[in-house]
Amino acid sequence: MNQTRTRSISLLFQLGGLALAVLFVTIILLLVDAQPMEAFRLIWEGATGNPTRIASVFVVWVPLLLVTCGLLATFTAGLWNIGIEGQITVGAIFTTGVMRLFLDTSISPVLVIIISMLAGMLGGALWAALAGILKTFGGVNEIFGGLGLNFIATALNIGLIFGAWSRPGIASMSGTEPFPEHFWLPTFQNFRLSLWSIGFAVLGLIIIYFLLQGTHFGLRLKAVGKGMKSAFRMGIPTWQHMMLSFVICGLFAGLTGAIQVTGVYHRLIPSISSGYGFMGLMIAMLINYQAIWLAPIALFFAALNIGGIQLPIVIKLDSALTGVLQGSLVLFILIMQGIKQRFVGKK
Amino acid sequence: MSGDIILFGLAGVIASGAPIVIAVIGETLTERAGVINLSLNGVILLSAMIGFWVAVETDSLFFGFLAGMVVGALVSTIVAFSSITLKQSQVAVGFILAITCRDLAYFLGNPIMGSQGPIMLSTSIPLLKDIPILGRLLFQQSLMTYLSIIMIGIAWFWIFKTRPGLMLQGIGEKPAAAYVRGANVQKMRYFYTIVGGALVGLAGPLYTLSVKPGWKGTITGLDGIGWIVLAITIFGGWNPIRAAFGAYLFAFLQWLGLVLQPYMTSIPSQVLQVAPFPLMILALLFVNMGNTEWMERLIASLPDTVRLGASKILRSMQSRQPGSLGTPFERQ
Chain A
0 MNQTRTRSIS
10 LLFQLGGLAL
20 AVLFVTIILL
30 LVDAQPMEAF
40 RLIWEGATGN
50 PTRIASVFVV
60 WVPLLLVTCG
70 LLATFTAGLW
80 NIGIEGQITV
90 GAIFTTGVMR
100 LFLDTSISPV
110 LVIIISMLAG
120 MLGGALWAAL
130 AGILKTFGGV
140 NEIFGGLGLN
150 FIATALNIGL
160 IFGAWSRPGI
170 ASMSGTEPFP
180 EHFWLPTFQN
190 FRLSLWSIGF
200 AVLGLIIIYF
210 LLQGTHFGLR
220 LKAVGKGMKS
230 AFRMGIPTWQ
240 HMMLSFVICG
250 LFAGLTGAIQ
260 VTGVYHRLIP
270 SISSGYGFMG
280 LMIAMLINYQ
290 AIWLAPIALF
300 FAALNIGGIQ
310 LPIVIKLDSA
320 LTGVLQGSLV
330 LFILIMQGIK
340 QRFVGKK
Chain B
0 MSGDIILFGL
10 AGVIASGAPI
20 VIAVIGETLT
30 ERAGVINLSL
40 NGVILLSAMI
50 GFWVAVETDS
60 LFFGFLAGMV
70 VGALVSTIVA
80 FSSITLKQSQ
90 VAVGFILAIT
100 CRDLAYFLGN
110 PIMGSQGPIM
120 LSTSIPLLKD
130 IPILGRLLFQ
140 QSLMTYLSII
150 MIGIAWFWIF
160 KTRPGLMLQG
170 IGEKPAAAYV
180 RGANVQKMRY
190 FYTIVGGALV
200 GLAGPLYTLS
210 VKPGWKGTIT
220 GLDGIGWIVL
230 AITIFGGWNP
240 IRAAFGAYLF
250 AFLQWLGLVL
260 QPYMTSIPSQ
270 VLQVAPFPLM
280 ILALLFVNMG
290 NTEWMERLIA
300 SLPDTVRLGA
310 SKILRSMQSR
320 QPGSLGTPFE
330 RQ
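Chains A and B, in that order, are what the protein sequence lines are.
Note that numbering that gives the first Met the number 0 has the first sequence beginning at 0, numbered continuously upward.
Note that numbering that gives the first Met the number 0 has the second sequence beginning at 0, numbered continuously upward.
Honestly, the hints are just simulated from the structure, not real lab data.
Treat the hints with caution; some may be incorrect.
Claimed, not checked - Covered stretches of chain B (in silico footprint by chain A; criterion: 3 or more residues with CB under 8 angstroms from a CB of chain A, positions within the stretch not fixed):
#, segment
1, 86-96
2, 225-236
Claimed, not checked - Counterexamples of contact, computed for chain B against chain A with all Cβ distances above 10 angstroms:
#, residue
3, Gly2
4, Asp3
5, Leu6
6, Ile13
7, Asn109
8, Gly113
9, Ile124
10, Asp129
11, Tyr145
12, Ala182
13, Met187
14, Phe190
15, Gly216
16, Ile240
17, Ile312
The beta-carbon is built from N, C-alpha and C at its ideal position, and this holds for glycine as well.
Chain B on its own, in the form it takes in the complex (with noise of 0.2 angstroms):
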């Protein structure tokens, strides 16, 4: 294989990771505040299937993308109301949102199905796309792409370099505290649900006018993307930065599954595919291990010069969840 075909693939990477990356920045918003919500895989698909819709009635891939981040924010406004509001189980509402809005998805998209539609070409940048490897890694992609990266970015100064961004950590680590300094804590993780959700709704449609184009129904291919979004969430650590990563990790298993397919004829192709999921419970147990305290135990017993090394490892693998995700903040 030559370089010229390894780059192709890698900006492909970049390029088939975007969704993924723009999803897991709005779920790592969204869980920073506090709330789990468990509806991305309902919502991604749904967004897709809208997003594409409107794009082809209306010709126009703006309102594609906006219809997507419109349904994103519905759907996660009612994960809101019910989990903030009325005190109902985060997880529960946002299961059956998850499989209600497949299997609308699936019901509405049916007369699209196979319907052509716009999709979205790639913008390269003057000068920057001459440089050598990185032009074409990073200057030749779609403008969604190019969002995608600077959100990276975005979001992580937002979390942790301003005062807004302080105040999520606050309502998401010990919300009776940021409520004691001022912060309105129910309207702020309505907020940020409405607002991960939007996110999480952008990449339905990015799937179907740019990476997968089009809606095929159950054969587009995204039934699943939503619960690793999840899991890289997890994996980043709820930090954006990490997230990317972790994204961006699970884009390049996959297409080293595809390439690796024809070297690889005894192992069945759909087997491939689906080969970088152990990789990602693998992490998230090396993640979470060091949370235990067997582990803990164990590393206490180790001989001195041993014990600081494996710890300090398993200290920058390990990431801590916000104090209060999943539970109801009451005003006592």
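Okay, chain A solo, but in the shape it has when bound (with noise of 0.2 angstroms):
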């Protein structure tokens, strides 16, 4: 009886945070003179209006869900996994390379994809387990070490775009040479869609799901997470868990870059991580760091980028307005939550 009352006190609170963060983003339409319904009409029709742009919806899910996957991990842990953007780029170069070492030879297109998806998860662990070493034996906050090496990763990506790797004769920002079709992940007819990445993310939220609920690792993860000194104090080896949860990270973020590489682009670009990193930590709040929630949300948060592409060709709105609304929705959550906690008691 009375859990189902805070339950839905609970519910109550996010379902005022959700009217704050849509009433704000109205009040934002109307500001610049636009109609808020035809605006919010449009993402919708955006999003679901035909089969291509539901494939699309899931092109995007994949690589947000993979994401998030392996931010649960560093979540857990109680690490904030800034780099996530860079550890994606990381990925994506390394695809890319290992790839193009097996362009010419006889070695059948399906091992050189599985080897270059590979090599993908690799980089990302590398670039995720830096930032782990600066952390815990450079002292450096895995915040502060994260950015840098996301900026390293986009000099790195944009410098092998147009230096080594630049298309013969004109290094573009349009990326490199795409791929020759069999080195492509096999997508469903006509659409851009890969029923192959659609099975690496449910696998992969499966994986990290019983790894974080179901395992002894997820329960001392979770203990490090909480407090670094009591976790110690029971005996739990602390930097090591961390730099674990890193490397977990890691790949999936390395395997987030290779299937935009080898499933999306067929190529390396230059924005290659999309932001959806970024968009990750932010899913990863809303859900409040629970891999329950994660499918949904994930697909809601693709269903609005994919949707927002519409309100430039049509009605002559910044596609920015999409992740305003996925902003202010984590934000007024959050705020919802913190004057719930504060003025109707704790959880």
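Using the supplied hints, reconstruct the complex from the two chains, each of which is provided in its own coordinate frame.
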């Protein structure tokens, strides 16, 4: 009885946060003389209007889901892995690099794709481990180390696209020379969506859910996240667990980068991470670091991203609007949670 | 390259370092009070856009700068309210605002992209401007650049030489002790978060009205500055003078990248522009390494003669963050 009451109060506050976010965006739209209902309708249409758009939503859903899976590992260990963007980028770089090595060999393309994607995961894990090493051995807070590593990854990426891996004659922002079609992850006919990447995403979610909820390792990670000192006293090797959570997150980020290269763009582009890493951080906060709500919320964010594409085309509004909606949603839900804790009592 | 051109370039470094100096001082004040405001990247973009917009509409630079400060103060009020009053994670709120304000800037700024706006001109200081070298370097700048230089001294004096400054150090270092001595910790944290945010909000329009004139949406080239300011704040060890040094060093390295570009054609220009970032991490590493346990053990194991020198060098670089940085204060 009491439990259902607290749960419904919680829900009420969350809905309040949602309402405030929608209200905020409505006011913003009125400020620029746009019709809010028209904008919301366009976003919905843009995400669900036809099969191509729905497929595109899932193309975005996969990377969002995978990076957030990884971030759940670092968040559980109490770490703010802001370097996730760079980890995606380095994953994509490793994938591209290895695939380029095998371009003119007679090895079967399936094997090449598998090796390249594994290389991508390795790249992401290495970049994440670097942030972990900076933290544990250099005393550099993971937020600042991660931010710096993000910039370096971007520089490396652009350097390769315009330098060593530039398209013959025309180095440009459009990226490296596209890979031949037999090196692409197989997709549904006429869609960019690959059943393989959907499979990876679902598998990743299941793995991270059981790893964090059902294993001893997950439990120890949680102890490390709750407070380093007490975990240390309980005999849990703290820094090793933090490093491991970084590496796990990096594997997921690297896989994300690998999928963007092999399944979506079929080449390396300057903004290969597409900001999905930062968006993953927002999703993780919104689901309160629990894997259970990850799939639907990531789908919602992906739908907003794809739906927003219609805004500049049809009513000349900047598509950054959907980012404002996502951000204000996370912000208001967090604020409402704080208000609830302060005025209604804890939990 | 003749001396004149180098001097001209270095004067440019002082000018382009000005917004970073002001923002770093703002964040230093906030963090000294024990609050991390992570929203900087979004605040700088949003205040840059709105400051430019207001300056275009009112044809007044003053109102442009004022608008930027108001934006910074408002956003940091959200950070203060959710972290100090509601006790939510400062990092989480700051990060969300960093992203949301950036998108808000791009969305709201869409109609004014590429507009012509007022530009702040330089104001030479009579007599002083004629001093050889120094006059060209320091006294033929814009008013805001002068302000940024003066601000370094004021902030340093405030933090280390005044009573309220001592109190500020106290609420960041040991809030419980400061509270016992009669400091209103929560109120002061609000104050310094909002003042610091307002300074960060001043940096935005300083870009769009002076250093990089105009608003050009995503290609304005300001995305990322806020994150750098955060890194420089740590590099500066929460000391305004060292922080300013970090800001100028960053501006200098970026200028160097531009100057060296024609001589290093094999390196894409985009790479040289981000060259300061890895150096910044390296600097952070040196600043922090002395605080780690294994470093202390390593130094302790060195022979006496080397140990003194090594620990002295390390000590001179290292800095320790305010004791309660990022943690909420609760009265018992």
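So, going through the hints one by one against the coordinates:
no. : hint    : in the structure
1   : 86-96   : holds (count 8)
2   : 225-236 : holds (count 4)
3   : Gly2    : holds (32 angstroms)
4   : Asp3    : holds (32 angstroms)
5   : Leu6    : holds (29 angstroms)
6   : Ile13   : holds (24 angstroms)
7   : Asn109  : violated (4 angstroms)
8   : Gly113  : holds (14 angstroms)
9   : Ile124  : holds (37 angstroms)
10  : Asp129  : holds (41 angstroms)
11  : Tyr145  : holds (31 angstroms)
12  : Ala182  : holds (22 angstroms)
13  : Met187  : holds (20 angstroms)
14  : Phe190  : holds (20 angstroms)
15  : Gly216  : violated (8 angstroms)
16  : Ile240  : holds (21 angstroms)
17  : Ile312  : holds (16 angstroms)
Figure legend: structure checked against the earlier numbered hints; hints not met, in rising order: 7, 15.
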